[in-house]
Amino acid sequence: MDFILNEEQAILKGSVARFSADLRAAMDKKTVTAADRWGRYADMGLLGLPFDEDFGGFGGGGVETMIVAEEMGRHLLADPYVPVVVVAGRLLADHCSEEQKAYLLPRVADGSLIVVPAFGEPKSRYSLSRVATTAVPSKDGFVLDGRKAVVLSGAAANLLLVTARLSGEVGDEDGIGVFLVPGDLPGVTRRPVLTVDGREAAEIVLDGVRVDKTAALGTLGRGGAIARRAEEFGVAALAGEAVGAMSAVFDMTVEYLQTRRQFGVPIGKFQALQHRVVDMRVALELARSIAAGAAIAADLDNAQERRRIISAAKVQVCRSGRYIGQQAIQLHGAMGMTDEYGAGRYFKRLLVLSSLYGDADHHLERFVSASQYDEGGALVA
Amino acid sequence: MKFAFSAEMEIFRDEVRAFIREKLSPETRRRVEEGRRLDKADYVQWYRALHAKGWITPGWPKEHGGTGWTALQRYIFEEEVALGAAPPVTAGINMIGPVLIAFGTEEQKRKYLPAMRQGDLWWAQGFSEPGSGSDLASLATRAVLDGDAYVVNGTKIWQTQAHYAEMMFALVRTKPDVKPQEGISMMLIDMKSPGLSIHHIKTIDGGQELYQCFFDNVRVPVANLVGEDGKGWSYAKFLLGFERHGIAGIGLAKRQLNRLKRLAASETSDGRPLIEKPRFRDRIATLEIELLALEYTSIRLLQEGEGKGPGVESSLLKIKGTELRQEIFEMLSEVVGPYIIPYDNDVVRSGWGHDEPVGPDYAATLASNYLDSRKISIYGGANEIQRNVLAKSILGL
Chain A
1 MDFILNEEQA ILKGSVARFS ADLRAAMDKK TVTAADRWGR YADMGLLGLP
51 FDEDFGGFGG GGVETMIVAE EMGRHLLADP YVPVVVVAGR LLADHCSEEQ
101 KAYLLPRVAD GSLIVVPAFG EPKSRYSLSR VATTAVPSKD GFVLDGRKAV
151 VLSGAAANLL LVTARLSGEV GDEDGIGVFL VPGDLPGVTR RPVLTVDGRE
201 AAEIVLDGVR VDKTAALGTL GRGGAIARRA EEFGVAALAG EAVGAMSAVF
251 DMTVEYLQTR RQFGVPIGKF QALQHRVVDM RVALELARSI AAGAAIAADL
301 DNAQERRRII SAAKVQVCRS GRYIGQQAIQ LHGAMGMTDE YGAGRYFKRL
351 LVLSSLYGDA DHHLERFVSA SQYDEGGALV A
Chain B
382 MKFAFSAEME IFRDEVRAFI REKLSPETRR RVEEGRRLDK ADYVQWYRAL
432 HAKGWITPGW PKEHGGTGWT ALQRYIFEEE VALGAAPPVT AGINMIGPVL
482 IAFGTEEQKR KYLPAMRQGD LWWAQGFSEP GSGSDLASLA TRAVLDGDAY
532 VVNGTKIWQT QAHYAEMMFA LVRTKPDVKP QEGISMMLID MKSPGLSIHH
582 IKTIDGGQEL YQCFFDNVRV PVANLVGEDG KGWSYAKFLL GFERHGIAGI
632 GLAKRQLNRL KRLAASETSD GRPLIEKPRF RDRIATLEIE LLALEYTSIR
682 LLQEGEGKGP GVESSLLKIK GTELRQEIFE MLSEVVGPYI IPYDNDVVRS
732 GWGHDEPVGP DYAATLASNY LDSRKISIYG GANEIQRNVL AKSILGL
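Order-wise, the sequence lines are chains A and B. In case it helps, the numbering used here puts the first sequence at residues 1 to 381. In case it helps, the numbering used here puts the second sequence at residues 382 to 778.
Calculated from the structure, these hints are not laboratory results. Here a beta-carbon is modelled for each residue, glycine too, at the ideal position from N, C-alpha and C. Certain hints may be false.
As the list claims (entries may be wrong) - Simulated restraints on C-beta separations:
id: 1; chain 1: B; residue 1: Phe-386; chain 2: A; residue 2: Thr-195; range: 40 to 48 Å
id: 2; chain 1: B; residue 1: Pro-738; chain 2: A; residue 2: Asn-302; range: 37 to 45 Å
id: 3; chain 1: A; residue 1: Asn-302; chain 2: B; residue 2: Asp-395; range: 19 to 27 Å
id: 4; chain 1: B; residue 1: Thr-584; chain 2: A; residue 2: Glu-7; range: 51 to 59 Å
id: 5; chain 1: A; residue 1: Pro-137; chain 2: B; residue 2: Phe-386; range: 33 to 41 Å
id: 6; chain 1: B; residue 1: Lys-421; chain 2: A; residue 2: Asp-251; range: 34 to 42 Å
What the hints assert, rightly or not - Counterexamples of contact, computed for chain A against chain B with all Cβ distances above 10 Å:
id: 7; residue: Asp-52
id: 8; residue: Gly-183
id: 9; residue: Val-196
id: 10; residue: Asp-197
id: 11; residue: Pro-266
id: 12; residue: Val-278
id: 13; residue: Leu-286
id: 14; residue: Ala-287
id: 15; residue: Ala-295
id: 16; residue: Ser-371
What the hints assert, rightly or not - Computed cross-link-like contacts, DSS-like style, restricted to lysine-lysine with a CA-CA straight-line distance of at most 25 Å:
id: 17; chain 1: A; residue 1: Lys-29; chain 2: A; residue 2: Lys-269
id: 18; chain 1: B; residue 1: Lys-658; chain 2: B; residue 2: Lys-635
id: 19; chain 1: A; residue 1: Lys-13; chain 2: B; residue 2: Lys-383
id: 20; chain 1: B; residue 1: Lys-773; chain 2: A; residue 2: Lys-269
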């Protein structure tokens with residue numbers, strides 16, 4: 001393993017760190033709208049990260065994605081970068097026709113098209129194969145019916161990537177398609193909801209939505225696997241974002257312990273609190289290392305190895321994130337409970353990140369199934 | 382960032398692995414794997430092999446017999462040695478060796494370093510005392526200059542394998558009326574000195590490897606003083622801060638986790654392999670994930686710190702590495718169910734021999750190993766002290 005950034009990556013990190021700090025400052029002054037913010041990402045070239053240069057991108061991989069996501073997490077940037085660029089972006093780049101790519105990718109990269117994944121359903125929890133939404137072939141395309149749950153930025157998006165069942169039973173791995181659905185098509189109803197961390201999501205009803213044949217992406221019937229691969233990139237990115245958030249709230253906590261005085265001394269003088277801070281730091285370092293591992297693994301061809309490390313990362317990041325977030329609130333005392341103070345905002349973001357694209361239990365299960373052992377207990381790769 | 386180590390490092394790893402497979406006695410390997418106690422002969426055979434290969438003192442400067450390896454090579458070496466179930470290198474090589482090289486007299490270097498490189502010279506560490514554990518600077522063993530020798534009186538405790546040791550490196554108080562740290566000197570004491578006696582301390586695992594040493598007017602030649610009188614504290618800090626690339630014990634943890642999985646695959650619960658029982662399986666998987674995160678952390682901190690001296694991260698790695706290993710040993714104590722209860726100290730040492738085993742053969746050492754594992758968060762600076770050290774560097778208060 002090599003955890004050192006190469007020169008280009010180090011430069012990217014520096015410029016994304018400055019970009020994110022500036023954007024955060026503008027957000028705090030309330031001088032930017034969501035559209036302005038998205039435009040700034042486009043100007044930086046970040047919206048084309050996973051795409052080839054031909055399509056307005058720079059061909060970034062898992063590590064470049066982690067670098068961007070970590071800075072977003074550190075500065076609590078509220079934009080749907082991971083769903084749009086990482087998950088939807090990867091899926092489009094890997095499964096669109098050349099014609100579709102030529103139209104879609106430059107528009108995602110310049111910010112004019114917002115595409116979001118709409119994989120989850122009210123009863124699917126984290127499974128990508130428990131798809132009850134149906135896609136019935138029609139004369140010139142498909143008719144979609146069903147509901148999609150907790151679609152992040154689902155109301156603001158121009159295009160939805162909808163998984164729908166062509167054949168088989170709910171829960172079957174095969175028989176699922178991925179469809180590109182314009183958000184304003186007749187029959188699409190989007191109910192916007194606020195998220196716990198102050199962002200936007202939508203519950204979406206599809207009622208007799210007619211799409212044409214070209215709306216179906218990738219190998220028809222393999223939509224579960226297609227969505228899962230795209231979501232793996234998303235999990236690796238979320239791990240990086242969570243590390244950024246953990247690192248920021250850890251720094252806030254350290255500063256608070258250095259300055260808050262009780263009993264005539266900074267509270268960081270008390271051993272009960274010192275040891276807690278050390279355990280937070282240990283949790284942070286573990287999360288940071290395995291998130292980096294997941295970023296590297298995201299580009300591996302070996303599916304079993306990739307899944308094993310990415311799911312391990314999600315488990316560790318969920319655990320570290322919960323611990324660091326909870327202890328940050330605790331060590332800030334009542335201040336930690338106030339809405340104006342920043343610790344709570346990180347805490348809420350970490351809650352969302354741990355519940356998105358599979359929680360710790362879900363990924364522990366995936367980790368176990370990717371870790372097959374022979375009778376001697378050795379890993380069968 | 383890359384997923385694999387470089388090809389050179391993989392070749393190096395293969396070379397280390399092949400060497401261990403070829404040169405480590407199969408009997409010693411079996412004893413280490415089964416968690417049995419080792420005899421001096423186990424160590425000696427392995428040290429001779431390391432010496433012949435020139436690999437016994439990797440951390441020493443090259444002109445004194447070091448290998449000149451990079452930090453990553455040393456990490457890989459230590460991991461493979463642990464994975465390959467070889468005995469650990471003695472305290473002397475990684476502790477007093479570097480101190481003598483840095484601060485010893487020419488005569489001391491000539492006298493001790495070659496013997497250490499051959500694996501022939503065994504050292505006891507004389508730091509702790511009954512009244513001085515974490516607060517080491519409070520140590521009370523006194524040394525008074527009398528002609529060409531110091532006269533030492535007092536006691537030292539927690540020497541591992543003092544019965545094998547020819548020499549001890551000890552911290553003693555030579556100046557009683559200065560600040561506690563400034564009155565301490567380091568000296569080399571012949572274990573056969575008149576007035577020096579050793580008494581073994583039986584530990585909770587039934588082991589007899591720990592000793593207490595008593596000094597009754599023991600004469601130590603002035604030539605055995607290390608560096609300057611009164612500077613012992615700084616030499617001890619140098620020695621304890623010496624680069625420890627393997628401090629997280631990743632190889633050790635991996636070997637025990639593999640043992641846990643192997644045993645959990647052969648044990649059954651309700652007619653199914655224990656490893657398939659979701660509650661047990663999930664706990665193993667959780668440990669495995671933490672170990673992966675810690676392994677990446679060890680390597681990352683090593684790479685980020687390349688070229689710099691050891692930092693406070695060694696405290697972090699020590700804390701997490703020992704706690705994780707203790708959790709693995711705890712699960713190993715559960716894997717055989719009620720067969721953790723029968724316990725025979727002779728069987729722990731030598732196996733059942735001609736007797737029919739009580740329970741599975743591998744059960745006999747698990748209780749001993751679990752009990753013994755409780756020490757790892759205590760020795761080498763208790764984890765609470767490590768947390769104090771780390772907190773100080775984080776908070777700066």
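Against the structure, the hints come out as follows:
no.	hint	result
1	Phe-386(B) <-> Thr-195(A): 40 to 48 Å	41 Å, holds
2	Pro-738(B) <-> Asn-302(A): 37 to 45 Å	41 Å, holds
3	Asn-302(A) <-> Asp-395(B): 19 to 27 Å	21 Å, holds
4	Thr-584(B) <-> Glu-7(A): 51 to 59 Å	53 Å, holds
5	Pro-137(A) <-> Phe-386(B): 33 to 41 Å	51 Å, violated
6	Lys-421(B) <-> Asp-251(A): 34 to 42 Å	51 Å, violated
7	Asp-52	21 Å, holds
8	Gly-183	37 Å, holds
9	Val-196	26 Å, holds
10	Asp-197	25 Å, holds
11	Pro-266	6 Å, violated
12	Val-278	4 Å, violated
13	Leu-286	4 Å, violated
14	Ala-287	7 Å, violated
15	Ala-295	7 Å, violated
16	Ser-371	7 Å, violated
17	Lys-29(A) <-> Lys-269(A)	35 Å, violated
18	Lys-658(B) <-> Lys-635(B)	21 Å, holds
19	Lys-13(A) <-> Lys-383(B)	17 Å, holds
20	Lys-773(B) <-> Lys-269(A)	9 Å, holds
Of the numbered hints given earlier, the model fails hints 5, 6, 11, 12, 13, 14, 15, 16 and 17; all others are met.
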